[in-house]
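Peer 1: Now for the letters of each chain:
Protein chains: 4
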Amino acid sequence: MSSEFGNILRVSVFGQSHGDAVGVLMDGLPAGETIDLAELQAFLERRRAKPDGLSTTRAESDTPRFLSGLQNGRTCGFPLCAVLENKNQRSGDYASLENKPRPGHADYTAFVKWRGFADMRGGGHFSGRLTAPLCVAGGIAKQILARRGVYVGAHLRRVGGVSDAPFPVLPTPDLLARVAAKPFPVLDDAAGERMIETIAQARKDCDSVGGVVECAATGFPAGIGGALFGGLESRISFAVFGIPAVKGVEFGEGFHAAELRGSRNNDPFTVRNGTVVTETNHCGGILGGISDGMPLVFRAAFKPTPSIGKPQNTVNLSTMTPDVLAVSGRHDPCVAHRAVPVVEAVTACVLLDALLEQGE
Amino acid sequence: MSSEFGNILRVSVFGQSHGDAVGVLMDGLPAGETIDLAELQAFLERRRAKPDGLSTTRAESDTPRFLSGLQNGRTCGFPLCAVLENKNQRSGDYASLENKPRPGHADYTAFVKWRGFADMRGGGHFSGRLTAPLCVAGGIAKQILARRGVYVGAHLRRVGGVSDAPFPVLPTPDLLARVAAKPFPVLDDAAGERMIETIAQARKDCDSVGGVVECAATGFPAGIGGALFGGLESRISFAVFGIPAVKGVEFGEGFHAAELRGSRNNDPFTVRNGTVVTETNHCGGILGGISDGMPLVFRAAFKPTPSIGKPQNTVNLSTMTPDVLAVSGRHDPCVAHRAVPVVEAVTACVLLDALLEQGE
Amino acid sequence: MSSEFGNILRVSVFGQSHGDAVGVLMDGLPAGETIDLAELQAFLERRRAKPDGLSTTRAESDTPRFLSGLQNGRTCGFPLCAVLENKNQRSGDYASLENKPRPGHADYTAFVKWRGFADMRGGGHFSGRLTAPLCVAGGIAKQILARRGVYVGAHLRRVGGVSDAPFPVLPTPDLLARVAAKPFPVLDDAAGERMIETIAQARKDCDSVGGVVECAATGFPAGIGGALFGGLESRISFAVFGIPAVKGVEFGEGFHAAELRGSRNNDPFTVRNGTVVTETNHCGGILGGISDGMPLVFRAAFKPTPSIGKPQNTVNLSTMTPDVLAVSGRHDPCVAHRAVPVVEAVTACVLLDALLEQGE
Amino acid sequence: MSSEFGNILRVSVFGQSHGDAVGVLMDGLPAGETIDLAELQAFLERRRAKPDGLSTTRAESDTPRFLSGLQNGRTCGFPLCAVLENKNQRSGDYASLENKPRPGHADYTAFVKWRGFADMRGGGHFSGRLTAPLCVAGGIAKQILARRGVYVGAHLRRVGGVSDAPFPVLPTPDLLARVAAKPFPVLDDAAGERMIETIAQARKDCDSVGGVVECAATGFPAGIGGALFGGLESRISFAVFGIPAVKGVEFGEGFHAAELRGSRNNDPFTVRNGTVVTETNHCGGILGGISDGMPLVFRAAFKPTPSIGKPQNTVNLSTMTPDVLAVSGRHDPCVAHRAVPVVEAVTACVLLDALLEQGE
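So the sequence lines, in the order shown, correspond to chains A, B, C and D.
Following the numbering used here, the numbering of the first sequence begins with 599 at its first residue and continues without gaps.
Following the numbering used here, the numbering of the second sequence begins with 599 at its first residue and continues without gaps.
Following the numbering used here, the numbering of the third sequence begins with 599 at its first residue and continues without gaps.
Following the numbering used here, the numbering of the fourth sequence begins with 599 at its first residue and continues without gaps.
Hints may be right or wrong, so weigh each one.
Since the list can't tell identical chains apart, any single copy or any two copies may satisfy a pair.
[What the hints assert, rightly or not] Below, in silico cross-link-like pairs of lysine to any residue (SDA-like), each with a Cα-Cα straight-line distance of 25 Å or less:
(1) K698 to A763
(2) K685 to T661
(3) K648 to N911
(4) K908 to A619
(5) K685 to A619
(6) K908 to P766
(7) K698 to P628
(8) K908 to R862
(9) K802 to D660
(10) K685 to D618
(11) K780 to A763
(12) K780 to D634
(13) K908 to T632
(14) K698 to T868
(15) K908 to P764
(16) K908 to R672
(17) K685 to R663
(18) K685 to F664
(19) K685 to G957
(20) K802 to G817
(21) K908 to P819
(22) K698 to V874
(23) K802 to L858
(24) K802 to D634
(25) K698 to R862
(26) K780 to M918
(27) K698 to A820
Keep in mind the hints are simulated off the structure, nothing from the lab.
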């Protein structure tokens, strides 16, 4: 129930930040799919912390070991389990947090739910560390999707008050690849520079900042999804809200659609190369929960990292008295830029699942 | 897979707009719960079209017949099936749409998915009509939740460019009840007047307008939910995106959190009456996917009704040539105000499910 | 969780024996499938009580009303809901049972589980009456399967100590049709006569008798199912044990395989018409949970009807003192012969689900 | 979908016989449960091949490494992943099988399903090796159940034509423990000797033999389970049929009930120590899919090991011509005796799941 998503392709992540290892189990992958491990590793590198002052200085090698599901570099029809060892923990950093929950973090709610038994060292199972195995799953799904003509890509749409350009109506696979290759995943590098400054300034202030990731999938066929609770929005949002720190998800115009009139928000149909298409894509490629053949486009809002150096009010859970906390240790002043491949990963898993469900 | 949500409490809706009936099946309700049918009917009335010029003029009686699951006014442990007959269809209105998909509507995607076999009269299974059985389910869930001290309420937060006041940090059950009793569900009636004008103007212009619904649940205990894909945000958003026309969901500060710094977005803990609480509620009552005991708060964005009288470009699917469509028939110029109880309904089902899963 | 089975095709039954109606919801049917209602009705007749002294004298019309999912006689892609009204209840017959649970029946366990709130009139949701909507679902699945070359049939393999002949290694669709057309569904009519006597004698003795149903499916393609918990045996047995009174399920040689040696139980492979086949079918068409292209064959054991006229020891739940009960009212002295189409029905739903999951 | 079972407690196994490792993921365990690793290891030893001439000579150390879910010897609320490395493979033994499927084995059906891509070395994911991680999961579930007063045990009820005594009506936890401690798990050691001879003789004849395992659970509370497809029989049989080689499952009298009359098969109720009990237990502790407070009792039939030394007819899949196969390599002449703890393991997982679902 808790760490799993998908219908035909089920993806389960496991592990705690400071446990032995984190990993992922994928059940339902098609057989005979070649997995390019170098390409997968390159994808995982996009998520890793870089020594750029914008991220935590904890560095993990993040090279998955495949315990099952692969033979001679190809999926073999059986569940695939991939493991990433945890090597660089510093649990000491967290010792003081046991009784003083960090504001904005799961410390307190986990304490209530598991009555103190949860392994919350380093954020436990809530840690951003869990996005590494998610990227293993998603990197595999992306390779299988690409072989079917479906490309998933994302960029950092906003950090604090700074905005990148939006995706064009028809993002090409080439554009998605170019953004993915950048050290800082934006369309407009000047905007990217300002975002970097924003993050660096937050860090300097012992604070953090939030952001928005925009994700697109091209080549996804029309007619996939379903009415009501079978809709693609439901399935994608379920998975994306499972990424730590996500607090909002919107498709196409999203919240902005609420301000529009129908005549402005509807996407008129037309014919191009014998196929029905729309000139605009306000609906984000989904009508009635079903893909319309246009690019799928959505955005996910990430809250600012809750772990900050600034002193904050909290409560000592042993004494139930007010206390003050200044979080030390290695923390990202922003998670949104590192979340870009994570959003791609989770989306790729959902889209592959939806395709497999249709027998495609 | 398609018209169902929930884990322990599973809710399935069925029916087409112009079929014989619509209905809902609830499997997993606790036994021995009294259902006040008058209270349920009053809840259903909130969703019904009113002769106020803001809604379709199609009127349905919307009195459910219970085929199973109730005995002597109490749930009896077995699946509850409730049916609402369809009586007031005018399928002739839709005959012309068969070959000319409405922009912004599921006509085209349903055509692709079901190769012309879908019963799309009146919007078929995508119709807003399906929100009536959802409200039957949600109205029942609300009564059971209230008995456990959990109250779910919503208001219209925005229509077009007009905004209502937000919920206060601690909305009382009384406040939620007062909003529910209003003919137009807003906190600030002056804002409500401007919203009504906005909708009426859209109607006059043969157009439509979108809106945002804000929903809150008070009294929900801390410690419910789970990490990653077991999180309340995932479960709530899955269900809410299943409501027709929803294009965005955000919790607490939501997309606005992306613009905030951690020091501003975190909710400091404090102690009140021996319980850990937060002074603010930027997180919408959910940390790490788990409830923190504060009110759950989220917003859902509804796009403007796609069916509008204004001529729009479309494609004749028989001839695959461009065409023009002006939708006649009875359509709501805005669905957001009628969606207020629907959002409550779906939320109540998810929260009851989450409580039952914990054995509460 | 409770009254539902299936992955892609989900079948949910609802209703209590003496409630307003019983019914079934099918979500996930392929669109565009013609449903021959006369053929469906003929299938339902096979389950109905006949005035042959072997069954209850409660007679229901059992003509389903389709509330949704069908348009112009074809499935329309949306959930199909079919309802059978209950008209011939005599709840008075059951009034005395409220405090005195029938041995062998769910009266007592339902009382414990639902603390007295369960509607157990006429057996409530446990009643054989619920097999009527199951047959609606299964009759529809059978028609869709037949169009794909898959035929499901069953016969009464044993009643008390009397055995019918087993299915041949390769039962033809024609054979299955011929058995289905018989008033008493056996291969060997002489054995059938002895079974009828056995049932009639049990009735005369105010007693009841059990039986075994054998079910076969021909034309089911090889390669459907999966290892371990994805196996066809798991899925079929899950559904078949959901039929009231089933206490055993075995595939191919089943329990007898335990007495065999491998050299005798293995089915050697050979080639026929360019296809790999087996000469024998000890495995019941399933190896490693996956179909091998031979007929699927399994048997289900039905216990004797627990409601009998003979006095039995029970407990008065109000006083918690020993008591004696002689069940009056209309009860089948054997359910196995009427269960033959029910086993087919449930099996057809599972097999169609498994085919759909493979995109077939 | 394929290698997973459970609702609240989900158990997924992964790995191929000759891959790097096999393992299990348990999601949904209660937090704070102490796991006694020595006791777990002792349970795993019961499944291991012993140098007794009755089993394969492949020996694995079978000491699980816990990657997640445990902290300081206690469950920590997060998914538990346990891994058993594969060390003693001899894939050469299987090279000749690639084109010549073993009769009675999944070789052929896996070939069809995964078009030759399945890693079938050593039986792949179908191998008995996968029962080792199942026992890790079940051994953990057994410890948690015992803490709640529920004890699960099994014995070898039959091998070939030799039968052990059945469990008494009220097996005590002590009896279950004594059988578990025996090198050969039977109630009647003389019968056990004859079973051992039967297995040894089959081995000598380059053949194999099947068997029946009987399993009981005591202390399981009344009122757990549900009507129809929520029944305990459905859930238990689903999981037990997932164990390789199981071809039949029956509860209480099972298939024998078909031969009984109701007056003989019903279990009369009586009162003992203020609780409703039954004197007999023909129903195996389950009425209407719900536990009645008596011991749960069922049997599982295991077919003879398909891999035998005797020459058998098969087909060369490359040339599609008849061929002959004599399987070499290490194979168990009987799997039923080693399956005794596996049946316990799977049952314990299902029962714990059912308890957790009720919030117990």
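Peer 1: Within a copy, between copies, both or neither: which one fits K908 and P764 at a CA-CA cutoff of 25 Å?
Peer 2: Classified as neither: same-chain Cα gap 33 Å, cross-chain 29 Å, threshold 25 Å.
Peer 1: Are the CA atoms of K802 and L858 at most 25 Å apart within a copy, between copies, both, or neither?
Peer 2: Classified as between: cross-chain Cα gap 16 Å, same-chain 40 Å, threshold 25 Å.
Peer 1: Between the shortest in-copy and the shortest cross-copy C-alpha distance, which are at most 25 Å for K698 and A763: within, between, both, or neither?
Peer 2: neither (41 Å within a copy, 34 Å between copies)
Peer 1: For K698 vs T868, is the C-alpha pair at or below 25 Å within one copy, between two copies, both, or neither?
Peer 2: between (59 Å within a copy, 11 Å between copies)
Peer 1: Between the shortest in-copy and the shortest cross-copy C-alpha distance, which are at most 25 Å for K802 and G817: within, between, both, or neither?
Peer 2: neither (42 Å within a copy, 39 Å between copies)
Peer 1: Using 25 Å as the alpha-carbon threshold, which applies to K780 and D634: within, between, both, or neither?
Peer 2: within (21 Å within a copy, 50 Å between copies)
Peer 1: Give the relationship of K908 and A619 under a CA distance limit of 25 Å: within one copy only, between copies only, both, or neither.
Peer 2: neither (31 Å within a copy, 45 Å between copies)
Peer 1: When no copy is named, should K908 and R862 be tagged within, between, both, or neither for a Cα gap of at most 25 Å?
Peer 2: Between copies, since 11 Å is at most 25 Å while 45 Å is not.
Peer 1: Between the shortest in-copy and the shortest cross-copy C-alpha distance, which are at most 25 Å for K698 and R862: within, between, both, or neither?
Peer 2: Result: close only across copies, 19 Å inter versus 50 Å intra.
Peer 1: Between K780 and M918, at a C-alpha cutoff of 25 Å, which is it: within one copy, between copies, both, or neither?
Peer 2: So K780 and M918 fail the 25 Å test inside a copy (48 Å) and across (41 Å) alike.
Peer 1: At most 25 Å between alpha carbons: which applies to K802 and D660, within, between, both or neither?
Peer 2: Classified as neither; 28 Å inside a copy, 51 Å across copies.
Peer 1: Between copies, within a copy, both or neither: which fits K908 and R672 at Cα up to 25 Å?
Peer 2: Neither. Shortest intra-copy (49 Å) and inter-copy (34 Å) distances fail the 25 Å Cα cut-off.
The structure does not agree with the numbered hints 1, 3, 4, 6, 9, 13, 15, 16, 19, 20, 21, 24, 26 stated previously, though it agrees with the rest.
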